[in-house]
Amino acid sequence: MRKYFYFFCPFLILLFLLIKPYFEDPVTKNVTSFSQIPLVFEGRLQPFDSLARNTCIFLSGKQRPMGANSRDVILELISMNPNVDDYPLFLIRDTHVLDFLSLSRSRSHRYSFSQLVKALPQLWRQASSAEQIEAKKRHHFHKNIILLRNQVDRYLSLKHSFFHPQYDAEIKHFSDFSSISQRSMSLLDKIHRDDDLSSEELTLLQKYGRYLEAFQFIKQQSIIFPIPSTQTNSPPWIKVGDALLLTQPSMHTRSYLTKLYHFLETYTQASTPEVTQLAQMAYQSLSFWDLVKVKAEFYFNQSQLFLLCLCLYLLLFIIGLILFVYSLPSIQPFLRYCLYGTFTLHSLGILLRMFIQGRPPVTNLYSSVIFVAFISILLFLILEKIFKHPFLFALSNILGFSSLILAQQLSLSGDTLEQMRAVLDSNFWLATHVVTMCIGYGAMFVSGFISSVAIMFGFFSKKLRKPLLTQIYQMTYGILCAALLFSVVGTLLGGIWGDQSWGRFWGWDPKENGAFLIVLWCGIILHSRLAGLIKHKGFFALCALGNIVTAFSWFGVNMLGVGLHSYGFMKGGFVWLLGFSFVQFYIACLGMLPDKFWKSFRT
Amino acid sequence: MSMINSFLRFFSSLKLTVICLSLLFLLVIMTTFSQRYYGIHYSVSYFMTSWFITFTAKGFLNENTFPLFPGGMLVSTLLFINLLVAHFVRFKFQLRKLGIWLTHFSIILLIVGSALTHYLAVESLLYLRKGQPINYSEHSRLTELVIVQPSIDKNSDLIFSIQEKSLTPAAEILIKELPFSIKVLRFYKNSDLRLLTTKVKNGITQGIGSFIDIQEKRSLHRDDLRDSSSVEIELIDQNGNSLGTWLLSIDLDGYQRVVINGTPYFLLLRPLRFYTPYMFTLKQFIHEKYLGSTIPKNYESHIDFYDTKRQENRDIRLSMNRPFRYENVTYFQASFGEDDELSIIQVVKNRAWRIPYISCFLLAIGLCLQFIISLFMFLRRKRRQSRA
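Line order of the protein sequences matches chains R and U.
According to numbering that gives the first Met the number 0, the first sequence is numbered sequentially starting from 0.
According to numbering that gives the first Met the number 0, the second sequence is numbered sequentially starting from 0.
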């Protein structure tokens, strides 16, 4: 009975995180309800919350800029709160860019829009000249200038999604506009008949013109599609500007707009029912599954499942370490079931992502890291079932949190649920080729990881003696065979995808080469073992080197910046890859030293 | 006898396998890295489809080429021989090794298949402009020199084509049907042309070439850009007298005319063409993006396809991940341009395309079989151990 309680421990933490928002003050509650409202951004239906989070990550590299909630910041931005311009939102680390914009350095590396405003013309000019340079030949400075321009662009577009910058009390938006527009139409008819207008009527017409101008501006600037369209022959979602300029908007659109504007103007005081009404109206326009997906995405964002798993893996590792040091085996079942619980949460996160996207688990580099971590931990747990070594738990915890840290880093590159490009848009091949490849990567890492630990263990301690050594050797060998199997099948499936889609089985694309390298490396290890060229130690060393091969074919080839598999070119990360390779190389070198240097084998 | 034995032992040895695999590993790494600078095609032809990786040193008098490292062809041939010999010499058929056996057999098949593909497959590009029927595709790198003899009585012209590989300096090309021979003076793989208003002293006596300043350039080795090749030729009549020299280039549009014995001939250097018995007409090109984003959602060409041999007409739709296959030729959507008025279709003709499928199928089955057999044997052993 107790073990089930342990299993559900991680879920209790999750539950706490999810119900926490319901005990907030009314204004925060309002914002929370609003952030569930669906809209289309970057071609994807998503809750406002996702737009806010991804925009904050894009602008300032953080989900919580200045410690504030991202949706508060973005809501203030789109409702034209004048304070937003002073928030330090823009992340600029490049000192050349700072000097170019003559900004003084700040410790947080983040700058406000009002600090940038003077240098904007300069920024635009430099960015467009940087864009003339071929992408491969751009320096960091050029890339960062273009990035900053895009950030400012995104900021301004969002800012002008609903309101005109010169908005004043005279232009009172939609409710006022619809009455003016009808009267102006009759006045225009009057002009057609060459009748004279009174000065009052002229002012009215001028006001009408200003409205139109403002709406046109909003239409051009906006990049979000928050209004569900009821019109036939139009996309299902339209921009605010489009909706405002409709000659005959439907009742639904009209009241939705009115409520939306009312909320944005008064949300700091708005009573809860109004927001709920607005949300209800938005939900009505969605199909059942779309609604479930938007809701699911909101709660997925809210729970930060993978961050939670990261913390739990780390926590379990630390507790395990303390238990090991003080040799307290009595609560080991507790750790085991907590790990199972955390692993279930991890799987739940992957399932949720699959449901929201309607895609197989791996669609970009970020999701591949999460999935490979899942596979590796699964393999560790299977091995533990067979061999019953508690150190496998420790390894799975380490692998779990280190790969999720990597995933957190990768998630900073933008929307991780983005739409698939046309080239990769094939669920069948994503589900077969990509998933099999990732299982291969996972198995390679597990074998490399166990081997590295075995080398360290044998080199620095006396405990790697016969039965343990054989056991570790057996498990590494088994996992390596599995890695070979999945890499070969994955690579071949990739070839068949290539042939089916592009008419060529093998195109020597870097990613294909990477997969081939893994297969070759497995082949080298297995045949060297058969030929008697390597024994246990050599086998471990080669498996440890296998980690470099895998890391190269997984991340390294993306850094080359060529080829068809452009699903996630990495910005930095080169130093980390180099560091990782160096450590693995060092371990492999230790593994190749003769017996007399090994503590375990010294006689 | 012992010679043969030691020969067989060497070629069936596992050490040779390890060496070959390691060499292949290095070659693949080099191919991958070199792609950043030289593009896929050049890298692959330099490292993988060559017998030796060569290094050219400039000596005092002439250039010397040394083999530096075995190329992909050599290594895979060695691997092929190694596997084949091992099958006869070392492998003994056992039911529990059926998986291994199948795996190695399918690798042999895979190597054969890729060799066949290398020698048989032809890739070219079909440039479809809206409403313009076309019946040929073009090679993306190679060129051809064509001499066109227009015929007045018939509906078709006579076209003589000389492929790039024959355009070597000092080569004299004789075509029976023509009253003259062509002498190649110089071939530029990549060149830079400049049109001047006055005549240039470049040795060209005829056509627009005498106003062009030509400079040789290094080949671009790019997958996305074409070299602008040029050739200088001299036409010689049957009596051995020179008729003049011409400069032809990919960059020079339009035919250059020469009249011999009252018959006009037209000269042109153009991308190597592959004529097909099919007529393609682009009806519509669709380029969709996801709402409010720049992420491409779909590229699709609607093409009117006419098979002149079978007198058959049909509509085809090509899009990403949905190519059109017709008699060992695959057509797939590769690119587009000119404000969506131009659709570029990649054409791959490969008669050996079935072999990889068969070998993949066998390989996957073999590996799975072996993995499952070994796993069961291991688990059974472990259970027996724990019982004992």
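It should be emphasised that the hints constitute simulated quantities derived from the structure, not laboratory data.
For every residue, glycine included, the Cβ atom is placed at its ideal position computed from N, Cα and C.
Check before you lean on any hint, since a few could be wrong.
To be verified - What follows is a set of in silico ranges between Cβ atoms, one per label pair, in the way DEER data are often shown:
#1 R:Lys142 - U:Leu194: 33 to 41 Å
#2 R:Arg137 - U:Cys367: 53 to 61 Å
#3 U:Gln214 - R:Pro235: 51 to 59 Å
#4 U:Leu194 - R:Pro235: 16 to 24 Å
#5 R:Ile404 - U:Phe90: 56 to 64 Å
#6 R:Lys136 - U:Leu194: 22 to 30 Å
#7 U:Phe90 - R:Phe579: 50 to 58 Å
#8 U:Tyr135 - R:Ser128: 53 to 61 Å
#9 R:His95 - U:Asp339: 37 to 45 Å
#10 U:Phe90 - R:Phe4: 34 to 42 Å
#11 R:Arg63 - U:Asp339: 51 to 59 Å
What the hints assert, rightly or not - Covered stretches of chain U, as calculated for chain R (at least 3 residues, CB under 8 Å):
#12 11-18
#13 276-284
Verification of the hints:
1. R:Lys142 - U:Leu194: 33 to 41 Å: 38 Å, holds
2. R:Arg137 - U:Cys367: 53 to 61 Å: 46 Å, violated
3. U:Gln214 - R:Pro235: 51 to 59 Å: 57 Å, holds
4. U:Leu194 - R:Pro235: 16 to 24 Å: Violated: the Cβ-Cβ distance is about 54 Å, outside 16 to 24 Å.
5. R:Ile404 - U:Phe90: 56 to 64 Å: 47 Å, violated
6. R:Lys136 - U:Leu194: 22 to 30 Å: Since the Cβ atoms of R:Lys136 and U:Leu194 sit about 29 Å apart, the hinted range of 22 to 30 Å holds.
7. U:Phe90 - R:Phe579: 50 to 58 Å: 39 Å, violated
8. U:Tyr135 - R:Ser128: 53 to 61 Å: 41 Å, violated
9. R:His95 - U:Asp339: 37 to 45 Å: 38 Å, holds
10. U:Phe90 - R:Phe4: 34 to 42 Å: The hinted range 34 to 42 Å is violated for U:Phe90 and R:Phe4, with Cβ atoms some 56 Å apart.
11. R:Arg63 - U:Asp339: 51 to 59 Å: Because 43 Å falls outside the window, the suggested range is violated.
12. 11-18: Contact hint for the segment 11-18 of chain U vs chain R: holds, 5 residues under 8 Å.
13. 276-284: violated (count 0)
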